[in-house]
Amino acid sequence: MTALLEIRSLTVELPTAAGWVKPVNDLSLQIAAGQTLGLVGESGSGKTMLALALMGLLPPGARVHGETRLVTKEGTAKSLTTLDEEGWRKVRGQQIAMIFQEPMTSLNPVMRIGAQIEEAILAHQPNLERGAVQLRLRTAMKHASMPEPETRARQFPHQLSGGLRQRAMIAMALAPSPELLIADEPTTALDVTVQKQILDLLDRLRRELDLALLFITHDLGVVAKVADRVAVMYAGRIVEEGPVQKVLLSPQHPYTQGLLAASPTLERRVLTPIPGTVPQLKQLPPGCAFAPRCSFRRAECDQAVPAFRQVEPDHGARCVLP
Amino acid sequence: MSSLLEVRSVHKSFVRGGGAFANEGKAERFVAVEGVSFEVARGETFAVVGESGCGKTTLARMVLRLIEPDHGAILFEGRDLLQLSDGALRAQRREMQMIFQDPFASLNPRMRVGEIVAEPLAIHEPQRSSGERLGRAGEMLRRVGLDQSALQRYPHEFSGGQRQRIGIARALILRPKLIVADEPVSALDVSVGAQVLLLLQELQKEFALTYLFISHSLPVVAQLASQIAVMRAGKLVECGPADRILHHPGSGYARELLAAVPEIPRPGQV
Chain A
1 MTALLEIRSL TVELPTAAGW VKPVNDLSLQ IAAGQTLGLV GESGSGKTML ALALMGLLPP
61 GARVHGETRL VTKEGTAKSL TTLDEEGWRK VRGQQIAMIF QEPMTSLNPV MRIGAQIEEA
121 ILAHQPNLER GAVQLRLRTA MKHASMPEPE TRARQFPHQL SGGLRQRAMI AMALAPSPEL
181 LIADEPTTAL DVTVQKQILD LLDRLRRELD LALLFITHDL GVVAKVADRV AVMYAGRIVE
241 EGPVQKVLLS PQHPYTQGLL AASPTLERRV LTPIPGTVPQ LKQLPPGCAF APRCSFRRAE
301 CDQAVPAFRQ VEPDHGARCV LP
Chain B
1 MSSLLEVRSV HKSFVRGGGA FANEGKAERF VAVEGVSFEV ARGETFAVVG ESGCGKTTLA
61 RMVLRLIEPD HGAILFEGRD LLQLSDGALR AQRREMQMIF QDPFASLNPR MRVGEIVAEP
121 LAIHEPQRSS GERLGRAGEM LRRVGLDQSA LQRYPHEFSG GQRQRIGIAR ALILRPKLIV
181 ADEPVSALDV SVGAQVLLLL QELQKEFALT YLFISHSLPV VAQLASQIAV MRAGKLVECG
241 PADRILHHPG SGYARELLAA VPEIPRPGQV
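Sequences listed follow chains A and B, in order.
For the first sequence, position 74 matches number 74 in the working numbering, and the numbering has no gaps at all.
For the second sequence, position 163 matches number 163 in the working numbering, and the numbering has no gaps at all.
Think of the hints as simulated: they come from the structure by calculation, not from any bench.
Note that the structure is a prediction, hence the values are computed from the model and not measured.
Among these hints, one or two may not hold up.
A few chain A residues that face chain B, going by a derived Cβ cut-off under 8 Å, partial list only [to be verified]:
1) E13
2) P15
3) A17
4) E42
5) Q195
6) G221
7) A224
8) K225
9) L248
10) L259
11) T265
12) L271
13) I274
14) R297
Built from N, CA and C at the ideal position, the CB exists for glycine as well.
Please take these sequences and the hints and turn them into a complete structure.
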């Protein structure tokens, strides 16, 4: 299986008053076409900063090290870490698209839905004829399963429910036929029944369009439903990665175990919270960032950052424990 | 077993589509809560679940009479809150406090945490000295897991979970009987949310609290509810013991909600 997106030792550094911090730290990941990678982490883990790095939307002053490659279906590889703004414009939206948690803040409130999707199409193909744009618009809305597309295209964002707004965002994101879709908590603001519809839709699109999907969420249940593989992120690093069933059923890293023990489920059980709080990026411990909260902590955990070890060929964790 | 709270066919509608720019008579009425009745026994956790717009927050606010119902009755220890005078209502409110969803919006950013937590005492027990009030606030902060030094600090210096603890301390300082908690953990991260849920369970035992717990999340409700009421479009669809609603729901809507919850696979499950 060849990867569509390959991230190797990616580090993002941001300047702060207290010096440089690394919201993304020596991170390696791969996503194949037609595959969903779930990225799990709590606030401040760096998952959104990773998404922004993949979109070329990092805040000014950010420094990037490492290598990110996008391999197109034709087999040509493009390095994302060396792109200039001109180069990013050809990637952003066209090859890699993104949808967000709160669609209302991403949609223009004074522009009709149809016009916004057309704008997304024309941004990448400014010379497209009127008829072809209309065709692409209808296809995009059909992909997003928007009911009554003609009516919806004439409406404004405030006239749409939360679920329909997210569908409009999906239509906009998919209109230029990207190869990778980054979904940053796309269902967190939605009701469960609507969430289910959107998750089913994304899953169907992944299969039908052979889309690679990077699905960012804090909800392990959502990950179990949508992802093939899952990466758990903590303080800028991937602490565990593997097939979703293996990671959730036999978690190797104490942080993954802690998240599972703290997640409420429909079965009543004793929830075990993870003690302490997420560390500040500017005050990371020298060794494992999770060590201060870890009940299996040993002396070696504080000496150096543990290496990422494979437990099985497709499942590994950044922990010294066997 | 006597009930602490009894809600009898409360009803609330709002005007929709009116506003400053609307034509006269164009406004229509939107029914937010329609004929809802239930009883909450002492010491139990009564959860109201439903999707956004179902009226659960309107219902919670009516119980505290923060929103005036159109008609119906709300009995707290047998006294109808809707019949109380302003003064009597104010005295009654010390028995019933609220915990809010957003710990960033619900704390005054220009007040020190000590003042925030002690403020209910300043209103309901003005005869106490400010030193005494701050002492009580410090004790309550310690009980919810915060350090004494918090008294002198401002809300922005705290994380979301810590702020929610501050909100809980403020709600408990008058030793109320009923706590209305509106989505108290939905703005928090998983590990922090679990900490707050456990704290709420401990405090319930310690202070003999009754919870009216409003949430959209069935997994969260499953952790602590003894009774569950399922709400949809302003009406109670189903109401009963938590185990029955979660495992043998009678209504199609409750089944639909349960089926939509993305479940984490557990070892031993197939």
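Here's how the hints hold up against the structure:
no.	hint	in the structure
1	E13	24 Å, violated
2	P15	22 Å, violated
3	A17	16 Å, violated
4	E42	4 Å, holds
5	Q195	7 Å, holds
6	G221	4 Å, holds
7	A224	5 Å, holds
8	K225	4 Å, holds
9	L248	5 Å, holds
10	L259	6 Å, holds
11	T265	5 Å, holds
12	L271	4 Å, holds
13	I274	4 Å, holds
14	R297	17 Å, violated
Hint violations for this structure: numbers 1, 2, 3 and 14, all remaining hints satisfied.
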